[in-house]
Every structure is written in structure tokens, then in C-alpha cells.
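Peer 1: Using the sequences and the accompanying hints, generate a full structural model.
Protein chains: 2
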Amino acid sequence: MQASDTRTAVAEHPGLARYAALAAALRQRVVRGEWLPGTALPAEQALAAEHGVALGTMRRALELLVEQGLIERIHGKGTFVRSGIAGASMLRFFRFGDGGAGQAPDSRILARGVLAAPADAARALGLAPGESALRLQRLRLIDGEPCLLEHIWLPLDLFGALAPQEEGETPATGADAPSGWPALLYPFYAARCGVHVQRAVDEIGFGVLTAPQARSLGLAAGHPCAVVTRRAMDLAGRCVEWRVTRGDAHAFHYSVTLI
Amino acid sequence: MQASDTRTAVAEHPGLARYAALAAALRQRVVRGEWLPGTALPAEQALAAEHGVALGTMRRALELLVEQGLIERIHGKGTFVRSGIAGASMLRFFRFGDGGAGQAPDSRILARGVLAAPADAARALGLAPGESALRLQRLRLIDGEPCLLEHIWLPLDLFGALAPQEEGETPATGADAPSGWPALLYPFYAARCGVHVQRAVDEIGFGVLTAPQARSLGLAAGHPCAVVTRRAMDLAGRCVEWRVTRGDAHAFHYSVTLI
Numbered sequence: 001m002q003a004s005d006t007r008t009a010v011a012e013h014p015g016l017a018r019y020a021a022l023a024a025a026l027r028q029r030v031v032r033g034e035w036l037p038g039t040a041l042p043a044e045q046a047l048a049a050e051h052g053v054a055l056g057t058m059r060r061a062l063e064l065l066v067e068q069g070l071i072e073r074i075h076g077k078g079t080f081v082r083s084g085i086a087g088a089s090m091l092r093f094f095r096f097g098d099g100g101a102g103q104a105p106d107s108r109i110l111a112r113g114v115l116a117a118p119a120d121a122a123r124a125l126g127l128a129p130g131e132s133a134l135r136l137q138r139l140r141l142i143d144g145e146p147c148l149l150e151h152i153w154l155p156l157d158l159f160g161a162l163a164p165q166e167e168g169e170t171p172a173t174g175a176d177a178p179s180g181w182p183a184l185l186y187p188f189y190a191a192r193c194g195v196h197v198q199r200a201v202d203e204i205g206f207g208v209l210t211a212p213q214a215r216s217l218g219l220a221a222g223h224p225c226a227v228v229t230r231r232a233m234d235l236a237g238r239c240v241e242w243r244v245t246r247g248d249a250h251a252f253h254y255s256v257t258l259i
Numbered sequence: 001m002q003a004s005d006t007r008t009a010v011a012e013h014p015g016l017a018r019y020a021a022l023a024a025a026l027r028q029r030v031v032r033g034e035w036l037p038g039t040a041l042p043a044e045q046a047l048a049a050e051h052g053v054a055l056g057t058m059r060r061a062l063e064l065l066v067e068q069g070l071i072e073r074i075h076g077k078g079t080f081v082r083s084g085i086a087g088a089s090m091l092r093f094f095r096f097g098d099g100g101a102g103q104a105p106d107s108r109i110l111a112r113g114v115l116a117a118p119a120d121a122a123r124a125l126g127l128a129p130g131e132s133a134l135r136l137q138r139l140r141l142i143d144g145e146p147c148l149l150e151h152i153w154l155p156l157d158l159f160g161a162l163a164p165q166e167e168g169e170t171p172a173t174g175a176d177a178p179s180g181w182p183a184l185l186y187p188f189y190a191a192r193c194g195v196h197v198q199r200a201v202d203e204i205g206f207g208v209l210t211a212p213q214a215r216s217l218g219l220a221a222g223h224p225c226a227v228v229t230r231r232a233m234d235l236a237g238r239c240v241e242w243r244v245t246r247g248d249a250h251a252f253h254y255s256v257t258l259i
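Chains as they are written, first to last, in the UniProt record's numbering: chain C, 1 to 259; chain P, 1 to 259.
Note that these hints are calculated values from the structure, not bench results.
Beta carbons are placed, not taken as given, at the ideal position from N, Cα and C, and that holds for glycine.
Treat the hints with care, since some could be wrong.
To be verified - Over 12 Å on every C-beta distance to chain P, these chain C residues come out as not near it, computed from the model: (1) Pro42; (2) Ala111; (3) Ala122; (4) Gly130; (5) Pro146; (6) Ile204.
Unchecked claim - Heads up, incomplete: computed chain C residues facing chain P, CB under 8 Å, no partners named: (7) Glu63; (8) Ser83; (9) Ile85; (10) Arg199; (11) Glu203; (12) Val256; (13) Leu258.
To be verified - Label pairs and their calculated CB-CB ranges: (14) P:Ala128 / C:Glu67: 42 to 48 Å; (15) C:Ile259 / P:Leu141: 24 to 30 Å; (16) P:Arg18 / C:Ile259: 20 to 26 Å.
Peer 2: Structure (C-alpha cells):
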């Protein structure tokens with residue numbers, strides 16, 4: 001029955017190349033939980049037979065899913081559903097301190113609340129204008145020095161388990177406090193909410209710090225900052241997190257190779 | 001004789017994986033001009049036989065060269081030496097005007113001269129401290145508006161043909177003027193100097209404009225700017241161009257996908 005569902009999905013996309021429609025159908029099988037993150041897919045031949053396609057078509061579909069980051073090939077072991085990105089990567093855009101690149105940053109959640117999402121966040125998360133979402137304000141620190149300030153917006157239908165008991169914005173204290181949350185949020189999202197972040201798009205821009213932002217970072221109001229706006233996507237490609245990260249513009253550094 | 005040279009090169013790298021040493025040997029054949037940019041490589045089987053390696057080893061070596069950007073596979077046609085990057089890509093880091101992404105920028109060379117290379121440029125280009133190099137100051141314009149200011153350093157052993165007749169820095173006027181040079185420099189380097197830029201690494205940071213830089217860009221001294229520092233490499237992996245590009249930080253925008 002699973003296979004016939006999938007074949008229907010392939011037939012439903014007449015405008016799409018056959019292998020692309022097949023890739024979409026395979027992705028649906030992952031989204032429906034048939035193959036969990038970390039587990040192996042069946043052999044290519046078996047998959048091709050099940051979907052009634054040539055082996056070459058199945059291989060192209062699998063290649064596309066590798067490119068999209070949904071699955072990965074491990075040499076000599078097989079093809080696996082990826083467990084998602086770890087998410088500790090915002091620091092790749094910055095150089096703080098005396099170049100201790102291997103340092104793990106600390107994480108401190110400054111505030112957590114259910115608030116009306118601003119227009120940008122609502123658009124990214126597919127919410128109606130003014131709809132409520134969970135907002136986290138988080139500070140990342142290296143050697144005790146504040147370096148990055150994050151504003152994280154999460155849709156309540158997926159992340160209700162992380163919302164505070166009381167309404168409105170609350171400091172991150174009390175019995176329900178997120179002070180015990182780990183620094184790596186994406187594995188935490190998976191464990192607590194069953195949300196697997198598989199892909200993220202970071203948009204880098206430049207701005208200046210407002211007075212409250214500057215206070216959190218120990219800088220002067222109006223200080224130049226790099227602004228990284230992230231959309232993080234789950235297995236199905238839905239944007240499940242919208243995050244704005246700010247850090248000292250003078251610490252920003254990023255390398256791009258062009259071939 | 002070519003093939004035996006190459007086999008020697010493979011044997012000379014005992015610490016390297018066999019396919020990586022093979023890739024280095026194949027790269028040498030390109031560098032020596034045996035296969036010119038734009039031309040096809042022999043069939044994999046023939047190459048494997050010539051180098052006395054298994055077909056699988058040759059395939060891994062070729063894959064590595066594809067990743068490194070030296071060669072490309074064109075489906076159904078074969079494997080080709082890449083003609084290099086076009087180089088008009090600095091604008092991918094910025095958004096100027098009302099979003100006309102397809103606009104081709106104009107190019108104006110403000111000055112050209114043979115000058116002592118600063119420490120950064122000398123280090124990147126492999127020159128002795130204080131050694132002379134060719135410097136171009138170039139302005140990129142969109143709709144007549146200055147948007148990017150570039151300082152380009154080129155080693156004289158490769159780019160002597162582009163140097164001015166007189167000593168020192170000269171305005172870009174007169175009989176020998178570069179006013180007729182095309183906006184795309186990399187194809188021009190190939191045509192005039194036989195230098196093929198195959199790969200570039202761009203390092204992005206933020207800074208502020210000096211008074212002369214600001215004047216060229218029509219901005220105020222001290223205005224925040226994005227600074228893109230590029231090292232461009234030829235077929236052999238030698239850094240053949242060091243370039244610093246500055247533009248209004250508020251126009252900076254770059255997107256990175258993480259999977």
C-alpha cells in the first residue's frame with residue numbers, strides 16, 4: 001500500500017522530471033516516518049523495483065535527495081536518512097577571542113515567551129499576521145564573554161512543549177525554566193518535539209545594534225553588527241524555526257570558495 | 001614519456017592516498033599544457049591503462065579534480081578541463097539599486113601602477129616583502145552609480161604585459177591606457193597573459209572606509225563597508241591575483257545554505 005501511495009504521488013506531477021517526482025515521493029516516505037532519521041534505506045534495486053522505475057532513474061532521484069541533504073551515502077554501508085544538522089554553526093561566521101576556533105560556546109536563554117510574531121517571522125513560519133509564536137532570546141558566550149545575541153521564533157503547533165506555562169514573556173527562571181536546556185538546540189528539538197531540522201538557509205546582512213541589543217552584548221548602542229537571519233527546515237521542507245543572530249561586525253569573518 | 005613522468009610523480013608522494021597522488025599527477029599534465037582549458041580528457045579506461053591503475057582509482061582521482069574545480073563532466077560528452085571562472089561574481093555579495101540582479105556592472109580602472117606590494121598582498125602572491133607588483137584600482141558602477149571599489153594586485157612575472165610603460169602609479173589615461181579593458185578580467189587575463197583563474201577564495205569581513213575610498217564610492221569617510229578579500233588561483237593552484245573589494249555595508253547581502 002505504501003508503494004502504491006508513492007506511485008500515485010509520482011503520477012501527480014506531470015510537469016516534473018520523472019526522477020524529481022520520484023525524489024519527492026521518497027521524501028514523503030521519510031516525512032511519514034517510514035524511514036526514521038539515522039536508519040538505512042532499502043537497496044537501490046529493491047527501491048527501483050518497488051516504484052516500478054529503472055535503476056538509473058532511482059539513482060538520480062537518490063542523488064537529488066543527497067544534494068538536498070535528506071539522505072547520505074556512507075561508503076560500504078549504504079544510504080541513510082540524515083539525522084539533521086547539529087545547529088552549532090552560527091559561530092562559523094565569526095572570529096571571537098584569540099582565535100580559539102575549537103571552543104564550545106556557552107548558551108544562556110535570557111527570556112522566553114509566547115508573543116505575536118513580527119511580519120518577517122510570521123511570513124517565514126507560515127503564520128497569519130499577528131499570530132502567536134514561541135520566542136526565545138538567547139545569548140551565546142565564549143569564555144564568559146557575550147558574543148552573539150539570538151532571537152528565535154518557533155511555531156506553537158510544533159513547539160508547544162517548550163512554551164512557558166504562563167502567558168506573555170517571562171524571564172528564564174522558575175520551575176519550568178529553560179536554564180537546563182542544552183546549547184545545541186536542534187538535537188533538543190528532535191528529542192523534545194520530534195522536529196528534525198534537516199536544512200537551514202542563512203542570510204547575512206549588516207546593521208547597527210539597538211540599545212537593548214547592545215546591552216546584552218556589552219557593546220555601545222549603534223555599534224555595527226552582522227545580522228544572520230536563518231530559516232531552518234524540517235524533513236518535509238517546512239520552515240520550523242526563524243532565527244535572527246547579531247554579533248559585532250568587526251568579529252564577522254566568512255570564507256567562500258568559488259570554482 | 002609523458003606517462004612515465006606522471007608515474008614518477010605518483011610514486012613521489014608516499015604519504016598521500018593513491019588516488020590523491022594520481023589526481024596531483026593529472027593536474028600536472030594540465031599545468032604543463034598537455035590538455036588545454038576547454039578540451040576533453042581521454043577516456044577513463046585509457047587514462048587508467050596509461051597510469052597503470054585500476055579504473056576505480058582513476059575515477060576517484062577524477063572525482064577529486066571535479067571537486068577541486070579543475071575539470072568538469074558534461075553528461076553524454078565527456079570530461080573537460082574547465083575554462084576557469086568568469087570573475088564577475090563579486091556582486092553576488094551585494095544588492096544595489098532596486099534589486100536589478102541581472103544588471104551588468106560597468107568597470108572603470110581609476111589607476112594602474114607598479115608599486116611595492118603591501119605585506120598581505122606579498123604573502124598571498126608569494127613575493128618577497130616590499131617586492132614590486134602591478135596594482136589596479138578599479139571602480140564598478142551600476143547605472144552610473146559607483147558601488148564597488150577594488151584594489152587588485154598582480155605578480156609581474158605573469159602580468160608584465162598589463163603593466164604601464166612608465167614607472168610608478170599613473171592615471172588610467174594616455175596611449176597605453178586600460179580604459180578599453182573588458183569588465184570581466186579573468187577571460188582577459190587568459191587572453192592577454194595566458195593565466196587561467198580556476199578557483200577563488202573570498203574572505204568576507206566588515207570595516208570602515210578611509211577618506212579616499214569613501215570619495216571614490218560617493219560615501220562619507222568612516223562609513224561602514226563590507227570588505228571581500230580574494231585570492232584567485234591558477235591551474236597549478238598558485239595564487240595569481242590578490243584583490244580587496246569594498247562596498248557599502250548596508251548593501252551587503254549573502255545567503256548560505258547548510259545541510
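Peer 1: In ascending order, which of the hints set out earlier in this document are inconsistent with the structure?
Peer 2: Those not satisfied are hints 6, 7 and 8.
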